[in-house]
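Enquirer: Working from the sequences, and respecting the hints, build out all of it.
Protein chains in written order, with the working numbering: chain A, 1 to 528; chain B, 1 to 163.
Honestly, the hints are just simulated from the structure, not real lab data.
Result set (EDC-like, lysine to aspartate or glutamate): computed pairs, CA atoms no more than 16 angstroms apart in a straight line: (1) Lys138/A to Asp155/A; (2) Lys193/A to Asp53/B; (3) Lys486/A to Asp309/A; (4) Lys57/A to Asp88/A; (5) Lys127/B to Asp100/B; (6) Lys191/A to Asp53/B.
Single-letter residue listing:
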Amino acid sequence: MPFIKIDEKEFEVAKGITVLQAALANGIEIPHYCFHPVLEVVGSCRMCLVQVEGMPKLQASCNTSIGEVALDKKLDGKYDMVVNTQTDAVKQERKNILEFLLLNHPLDCPVCDQAGECYLQDYTFKYGNAHSRFKEEKRVRPSESLGSNIVINQDRCILCSRCVRFTREISGTNELFVQNRGYHSKVSILKDKPLENLMAGNVADICPVGALLNTDYIHKNRFWNLDTIPSVCQDCSAGCNVDVFSQRDEIFRLTPRENHDVNGYFMCDIGRYGFHRFEEIERVNQPLVRNGKSFDVIDWAEAIQKTADLIEQSNGKTAGIVSPFHTNESNFLLGLMINGMLGMLPAIQAEEITYPSGFRISADRSPNQRGMNNICGGLAEDLSSEIKTQAIRGLYILDDGVDRELDDAWKEILAKMDFLIVQSYAMTDLAKLAHIVLPGLAPYEREGTITNDQDRIQWLRPSLSIKAESKPDWEILMLVNNALNKKAENFTGLDDVIIKMGEQFPNYSGITLFKIATQGIALNGKKM
Amino acid sequence: MKSKAQPKSGFSFADSERVERILSQYPDKKSATLPLLHLAQSQEGYISSSVIDTIADLADCHPSVVMDCVSFYTMLYTKPQGRHTIQVCQTLSCSLNGADSMVDHVRDKYEIEPGGTTADDRFTLMKVECLGSCGTAPVVQVNNDYHEGLSLEEFDQLLESLE
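Expert: What follows is the structure, encoded as structure tokens:
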């Protein structure tokens, strides 16, 4: 393995990696724009120039790879390469490059959406000159819409071509290209072929400057006002890792979070904009009990007692319907509570999409199908006919929420029930049929674990506060269970539930939220 | 291999043998993009969007990649050109020797701006950078031929001789 020195740090690196990769992996910052770990190296921005001993000119660290040299050629008798990132020449070159990149830049950070997370801003502040010598009139070009919520501000673009390479290498859709040359170059689309793919949102994320922007977020907030919570996307069972940006109980955007075992660096637009569908819904945030055609509001103690009474009176003829939209803990606790049959409503499926880079949007558009199946053991295969044959009289349903549309056959079955207890966050088709509605939490309010379709358990963390009187779903289930069975365990938190879950399902043993952390744990790496 | 003789788009190469010969020269089909563009331009006079689609099909890449290439080169035209392209060199020697007055002459006589085409499609006027013949300035390239050391009168006669 080559042994190298970058500044004063010495380390061994894998043969063939580049100077930039070696530096970044060892905590040395080399400023760069066009380099992105999963895109082809083009070395066009020149920002990452460093001084390599023995080479006459500064080298682009992103495409200078490290090899081994013969013993007698080693520098200082031991190094295969010696790199300096802090010499005067390097510092001066960075200033020069930044001056070039900023020639026609409008310097409009105060109104730019990228401000605060912009590499042009950061590097100029850190490495650049305070003044430009460019006294001529700046080139001004209009912003253009590229399609799929993406607009380009041509004046801010530094032509690093990350977005162009993204559409060629990652999404494979090729919509973007660099039009014209030299001074007239710009990122563009063909007239009749706009940016149109489900990964399009990522081009705004990988843009290192404020050129590519997402119209869904543009001019809505400032980066530094937002709280960032690392969580998991809930729109398919691939379980992409995301950062949820919110302020004062409102989500502003989702961006992909790096996880090489799940989604790499990207996410799809279904997940990216999915949070909007929870914004304008008729929420349920007080316990409700049916009174003829409408509902009465009751308090929690009464609601829990009524629920427990109904289940008790049914004499084991209550079935539970678990949900692939709920956390492992909620599904597990429903299983604990229902002393009988568990089932699920028909799965919500769509087309599976795989991109050339391997990025995948699962056909199963619920986040926790796998976890639900793992945790609930024997789910009734054909729930509707089982309900008939076992003469089920009541149902306790964890509602899938706004994504569930009930067909007539199911509406008929549900109408025949003696009682229907629905735990939901919204007045869904199901909740409308219920006798008791217990207000749980909506996506992005919930906390718990979910398991993706590759058997990776991940931590779903909440970004939004709990509304009015609604309670966490696992807590509601625990309270009902405690009312039913005085000996039932009292869990003080999610970790307690996970420990209990691990006792029954060895696959899930030894797991805590702390261990899952931001990257998740592969369950299939453990013994079954 | 599927036949590419009849592409979906409106354009097809007249000399399909030549196309095959060009394609066979390159292990990576994408490398054939430029020679195919030249061939198409010599046939059509300019690169239309259907030419781009056809070549993208032949070179096994996306039309945007072909457009990337077309827009890079100034001698590939994306708009229909006149029967004769008048390219007046603008670089130093020619400029000092009266290139500007030649542009003005065409502009006044035929009422076209640089980049424009006469209404009867006779001429397209272009200002271009160095044609590499500074010793014989001013130089005007008409279609594929250089006309060197032109006086304004000679230039006018030249224009008159073109139909």
